[in-house]
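Chains as they are written, first to last, in our numbering: chain D, 1 to 366; chain B, 1001 to 1337.
Incorrect hints may have been included.
As the list claims (entries may be wrong) - Quick partial rundown of chain B residues pointing at chain D, CB under 7 angstroms, derived from the structure:
| hint | residue |
| --- | --- |
| 1 | R1115 |
| 2 | E1117 |
| 3 | G1122 |
| 4 | T1232 |
| 5 | E1233 |
| 6 | D1234 |
| 7 | E1236 |
| 8 | I1240 |
| 9 | M1277 |
If you're looking for bench data, these hints aren't it; they were derived computationally from the structure. Cβ coordinates follow ideal geometry from the N, Cα and C atoms, glycine included.
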Amino acid sequence: MRLEGKRLIWQDYQKEIADDHYFYARSCIRQTFFPGAEAIFMRILKEELGKDIHDEQHHTSCTGIGYHSDVVPFDTTMTVVARQFALMTEAGYENYAASCVTSFGLYTEILDTWNHFPETEAKIREYLFKATGREFNKPRNLAHASDIVYKLRHQIAAKAKYKLVDKKTGNPLKVVEHIGCHYSKMFPHKGIGGAEYPYVLSGMIEAWGGEVIDYPERRHCCGFGFRQYIVQANRGFSLSCSKKKFDSMEPYEPDMIITNCPGCPMFLDRWQYALSEMEGKTYGKNKQGIPVFTYEEVAGMIMGYDPWEIGLQVHQVPAEPLLDKIGIPYDPLQKFTGKQGQYLGIPESPSYLKFYADQQNTEVIK
Amino acid sequence: MAKHVVVIGAGPAGLETSAKLSKMGLRVTLVEKEETSGGHLKNWHTLFPGNMPGLKALESIKEGLDENVKIQTNTQVTALEAVNDYFTVSGHNGWQEKADAVVLATGFKLFDARRKEEYGYGIYENVITSSDLETLLAKGNLFSNHKNPARIGFVHCVGSRDEKVNNLHCSKLCCITAVKQAVEVKQLFPETEVFCFYMDLRMFGRHYEELYKEAQEKYNIQFIRGRLSESTEDKEGNIIVKVEDTLLGKPLRIKTDFLVLMTGMEPAAGTKSLTAMLGLKDVSDKFIRPLDEVLQPNFTDMPGVFVAGTCSGPKSVSETLADARSAALAVEAFLKE
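The shape of chain D in the complex, shown without the other chains (with noise of 0.2 angstroms):
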């Protein structure tokens, strides 16, 4: 693999991505999925770098998965999304970022649409005036929240007190990143990097001291098609996206997948248990899967934030042996136990998937 021959692509996939000033549209199911993703974010640009970002508490969904699932007709969904550009101008701001790969993809087709056919951005206004008596204006700047992240990656890195490092060895930790198919396939040109080698995840990777591994499955869809898992009868196909991506990088003994979606972490994670649980098939060293993280995670751990702080007791594959090679402390004692310092429960254990639960001290506290 030639990386000279992907630099020259990605220098034709650069695009602007605002500086300060954000408003941010969260997703509607991240903080079920990973509960501490969007939290990280906010803390890293308002908290470390300074930033302005405005989280505004009346947006709505998007209606993207119903849109893609064909039950919600795009003039609805465009008059909600032209609702949450009203919240923003209200709010003042003019650089929307959106949390959601989804959510990104869906506003950058309806702005696409409405610059190719002002008639139905007219249409679109009267709907919502109609119903809501609001107006707006169009962003300015449209990102997803993964492009500020790349954005500010050197920054992050500079503030980090952690690597992506095996901290025995020094080498870089072997990293799979997997990009949101929503990200840039359908807009190539709004997408770091482009459709093909996205260079937005590759980038927090090198900046953030890792390796990126390339896969022949790399491109596949890691399994949260819409249509593959909302429909129960096609869920097989869900499982085997996500199989085949395993069993692809497998050899390349990846030490953890880095994803910008909602939900292809869900997926890679909690599948890995379901193939385990099915096939007695485990992926990664000892039995212990290969950990799956959403990119605020990752730069919430080389932060050096306590791991159960930001949520990573909630992987189904366990971050346990991540955070001891790069060498990140954490409190065993404290897996299971909430904000307010109560006892959470201790999930089943996997027939096969290693756990990591301090079962006796944990009873102790209990």
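Could you slot chain B onto chain D? The hints should help.
Relative to chain D, chain B alone:
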């Protein structure tokens, strides 16, 4: 004094036009931007039909040149102006000539396979182009690191008939070139499995269909109708190809040692710049549109400016030479008027 013609571009079309104009008693200056003449032909191993070596064909064409043809190399034409009843042609290096007629033989360039990003050219070591393969064949060190490659794939229509890269046109020669190259590979490596991935096969020329048949029956080359979705590289450097066999209606994943991309033809930079400079007509494929594609294929909208060879569309070497001779006759007729 004999009339003077400037021919721009010293590939097969420019060389043959110059040779024929000279035989007609005209003075010719042949301008070439590169150091040597010959165009793409000097890099091509063999030609179909007959497998004549490219360099031998080039030598034969050059034999027609005589003292009436002056070759001006290393000169990029930057200006071409009609002044009264003659033309002034100027180069980037200060070179300038007056001409009674001008022939554009600026040719084509090969599609840059990097633009089909999903195929990985320039990124994966073992993804090469048809042009790279000719060079390797000419050097005699094809796949020197792989004594017995297990599988080799040829991908048709790379940069041709593809809206995604804004090329709707058929480059027409890639089909037969793929068949020719697949047979050459099979002759060198009889144990290797060879696959051609195609949309449809356009065997338009004489003997083409026969070679296609021979490729299947004698050489057991597998033709799979389907377009690649992507190629990737595995840990050993093999190229993993994803393609749908549209006749079987099944997706395929095939591991190949090498993948050869049949890159199509696009108008050369010189063809485009002269088209713009002279305000000539082109069509959607950006090749120059002659005055009349059926009856006057070498005339342009500008009296005294002619086209020869692939600047007016994809052509084989034999078609290019015939077109060049036709252009010489058109110039002669024009200058006699």
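We went through each hint and held it up to the structure:
1. Evaluation of the B/R1115 hint against chain D yields a violated restraint, the C-beta minimum of about 10 angstroms exceeding 7 angstroms.
2. The criterion of a C-beta within 7 angstroms of any C-beta in chain D is met by B/E1117, whose closest approach is roughly 4 angstroms, and the hint holds.
3. Taking 7 angstroms as the C-beta cut-off, the interface hint given for B/G1122 holds, the closest approach to chain D being about 4 angstroms.
4. Hint status for B/T1232: holds, given a least beta-carbon distance of 4 angstroms to chain D, under 7 angstroms.
5. About 6 angstroms separates the beta-carbon of B/E1233 from the nearest beta-carbon of chain D, less than 7 angstroms, and the hint is met.
6. The restraint placing B/D1234 at the interface with chain D holds, with a minimum CB-CB distance near 5 angstroms, inside the 7 angstroms limit.
7. At its closest, the beta carbon of B/E1236 sits 10 angstroms from a beta carbon of chain D; the interface hint therefore is violated under the 7 angstroms criterion.
8. The interface hint given for B/I1240 is met, as the beta carbon of that residue sits about 5 angstroms from the closest beta carbon of chain D, less than 7 angstroms.
9. Among the interface hints, the one on B/M1277 is violated; its C-beta lies about 28 angstroms from the nearest C-beta in chain D, farther than the 7 angstroms criterion.
Checked against the numbered hints given earlier, the structure breaks hints 1, 7, 9 and satisfies all the rest.
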